[in-house]
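Novice: This is what each chain is made of:
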Amino acid sequence: MSVLTNIKRKMFSEQATPYVLLLPAIIMILIVVLFPLLFSLYTSFTPYKLTRPDTLWKFVGLRNYERIFTDWDFWVAFGRTVLFLAIVINLEFLFGLGIALLINRITWGQRTLRTIMMFPMMFSPILVGFQFKFIFNDNIGLMNNALQSLGITDQAIPWLVDGTLAMGAIAFAEIWMSTSIFAILLLAGLFAMPKDPLEAAQVDGCNAWQTFRHITLPYLMPFAYIAMTIRSLDVARAYDVVDTMTGGGPAGRTELLWTLIARTGYDSASMGKANAMAYVSILLSIAFTYFFYTKLVAARRYMGGAQ
Amino acid sequence: MSSQTKTTLNWIGTFIVMLIITMPGIWVILSGFRPLQEILAKPAIWIPQRLTLDNFRAIFGIGETQIAIPVVAYFRNSIIIATTSTLVAIVVGISGGYAFARYRFRFKNTLFLGLMLSRTVPGIALSLPLFILWARLGWIDTQFGLILVYVALNVPFTIWLIDGFFRQIPKELAEAAEVDGCTRWQAFWRIEFPLAKSGIASAGIFAFLTSWNEYALASNLTRSTNSKTLPVGLTDFIAQFTTDWAGMCAMAFIIIVPALVLTFIVQKHLIAGLTFGGVKG
Numbered sequence: 326m327s328v329l330t331n332i333k334r335k336m337f338s339e340q341a342t343p344y345v346l347l348l349p350a351i352i353m354i355l356i357v358v359l360f361p362l363l364f365s366l367y368t369s370f371t372p373y374k375l376t377r378p379d380t381l382w383k384f385v386g387l388r389n390y391e392r393i394f395t396d397w398d399f400w401v402a403f404g405r406t407v408l409f410l411a412i413v414i415n416l417e418f419l420f421g422l423g424i425a426l427l428i429n430r431i432t433w434g435q436r437t438l439r440t441i442m443m444f445p446m447m448f449s450p451i452l453v454g455f456q457f458k459f460i461f462n463d464n465i466g467l468m469n470n471a472l473q474s475l476g477i478t479d480q481a482i483p484w485l486v487d488g489t490l491a492m493g494a495i496a497f498a499e500i501w502m503s504t505s506i507f508a509i510l511l512l513a514g515l516f517a518m519p520k521d522p523l524e525a526a527q528v529d530g531c532n533a534w535q536t537f538r539h540i541t542l543p544y545l546m547p548f549a550y551i552a553m554t555i556r557s558l559d560v561a562r563a564y565d566v567v568d569t570m571t572g573g574g575p576a577g578r579t580e581l582l583w584t585l586i587a588r589t590g591y592d593s594a595s596m597g598k599a600n601a602m603a604y605v606s607i608l609l610s611i612a613f614t615y616f617f618y619t620k621l622v623a624a625r626r627y628m629g630g631a632q
Numbered sequence: 005m006s007s008q009t010k011t012t013l014n015w016i017g018t019f020i021v022m023l024i025i026t027m028p029g030i031w032v033i034l035s036g037f038r039p040l041q042e043i044l045a046k047p048a049i050w051i052p053q054r055l056t057l058d059n060f061r062a063i064f065g066i067g068e069t070q071i072a073i074p075v076v077a078y079f080r081n082s083i084i085i086a087t088t089s090t091l092v093a094i095v096v097g098i099s100g101g102y103a104f105a106r107y108r109f110r111f112k113n114t115l116f117l118g119l120m121l122s123r124t125v126p127g128i129a130l131s132l133p134l135f136i137l138w139a140r141l142g143w144i145d146t147q148f149g150l151i152l153v154y155v156a157l158n159v160p161f162t163i164w165l166i167d168g169f170f171r172q173i174p175k176e177l178a179e180a181a182e183v184d185g186c187t188r189w190q191a192f193w194r195i196e197f198p199l200a201k202s203g204i205a206s207a208g209i210f211a212f213l214t215s216w217n218e219y220a221l222a223s224n225l226t227r228s229t230n231s232k233t234l235p236v237g238l239t240d241f242i243a244q245f246t247t248d249w250a251g252m253c254a255m256a257f258i259i260i261v262p263a264l265v266l267t268f269i270v271q272k273h274l275i276a277g278l279t280f281g282g283v284k285g
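So the protein sequences, as listed, match chains A and B. Quick note, the first sequence lines up with residues 326 to 632 if you use the working numbering. Quick note, the second sequence lines up with residues 5 to 285 if you use the working numbering.
The hints are simulated quantities; they were obtained by calculation from the structure and are not laboratory data. Heads up, a few of these hints could be off.
A few chain A residues facing chain B, derived, Cβ under 7 Å [as the list claims (entries may be wrong)]:
no.: 1; residue: Y367
no.: 2; residue: F370
no.: 3; residue: I586
no.: 4; residue: V605
no.: 5; residue: I607
Note that the Cβ used here is the ideal one computed from N, Cα and C, for glycine as well.
Using the sequences and the hints given, assemble the complete structure.
Specialist: Following this line, the structure appears as structure tokens:
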């Protein structure tokens, strides 16, 4: 038997087949994700600047990390990012729950409403950013035009020029973009919910709030955590939104971790430092995903115990 | 409160929510068809006086008013890059998804987790090393460079979806075919693939949309008409001295139309895909 057929037989033997089938996927991830990430880990230990290529081979240990951890701007951006995500995701959950409950009560046209609800999901983050840059424009934006036409104010409110207002406008854009995920999942949860426990609660004399708090809500939580897990996978999409709406300005007042990375890496060309920050952002993303995933598992176990 | 008032309040609430959801997008799309003077007018003109295709003519360079932004080239790049990366991601996804759905093997869970974890890496964080490496390989500002990135970006999600679709098909079907003398490949190609086809198509649409909409990586790995995609091109307008809002809205319309149509086609799968994990437990 020739070597070739031997290899061929090995490749198509039952044990090897799954690995062969997965090989293209593994190779792609190796080239585009894993190897670059190892390279950027190395780069984060060098003072690499794009303008001076030879600095790539100088090893400085943890100096970049020391520098960013003592950098006030970094901590402000980091804190702002975590706070922003915490607020935005909680509000998305609350609004999504509200919308799901509203639509659940409606008996006519539910399907159409659900389709409309998916409208924001069709918009790419970059479009959402552009759209709200347009709407919150102080001069010609829909927001100020509406306020002025209604006679509420005759000022041009500087939505994207004032730091606090700009952060609010960005949060509005984020919430507009992602509330649908929560609404759709929670609505699916409401549809799938068995009616018996609700009836039993009514028989036992629970009022509407008690029924909601102790039966509906626990049943919906796994759905909410799925939404949060999905959402935590793409929190970094906020980069696209902020980059178009304010570019991190005014004077760094809307700078999130991701825009700071881009500014450090591309505008200041300090790739070493930017890669160190990038690693912090990767850990943040993994932490968010892991946090919601464990919540999801716990909620499911709780549900399993209740049934 | 009577149930009549409750229902009315419920409808009012729903109406307001739907208005907030649809209004911003409709306003942008509408503005794409309005002359710039009307958009800039003070006090605001609420009811459009005149609808026009001039903005579209301008960005495609067929009107009297020419603009400096090569939207046609960006459009072509977007189509080529999104289509190619989708096709490759689908083939790789079918192969990988089938492996996860039908085989037991060592490191299965580790591999699956690893694939999914690769999705959590923020685009901007990944763009830094890719920028350095692609520059050395000469892949910066090439369609190939971006296609490669998008395939890897899409593979985990397509594998996850396609794995789910294959799981829904009973194993016994293919086994019966094998008993009847089909090879494993024939059993897959004649029995399992046709059954999973619509699911695979929807996975393809998701992949296409991801590539079509991606910005963080594209904005840093492309530079010129060689490979710049539409989302990156949209920010060309911002860099200009005066913002051409009408042109931007027209371009936004061009980006949103394929996304709108495709999402509409897969909405059933989208909802099923989203809720899959929840119902199955």
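Novice: Hint by hint, note whether the structure agrees.
Specialist: Hint check results:
1. Hint on A/Y367 is violated. Least Cβ distance to chain B is approximately 9 Å, over the 7 Å limit.
2. For A/F370, the shortest C-beta to C-beta distance to chain B is roughly 13 Å, which exceeds 7 Å, and the interface hint is violated.
3. Given the 7 Å rule on beta carbons, the hint for A/I586 holds: about 5 Å separates it from the nearest Cβ of chain B.
4. Against a cut-off of 7 Å between C-beta atoms, the interface hint on A/V605 is violated, since the closest Cβ of chain B lies about 9 Å away.
5. Among the interface hints, the one on A/I607 holds; its C-beta lies about 5 Å from the nearest C-beta in chain B, closer than the 7 Å criterion.
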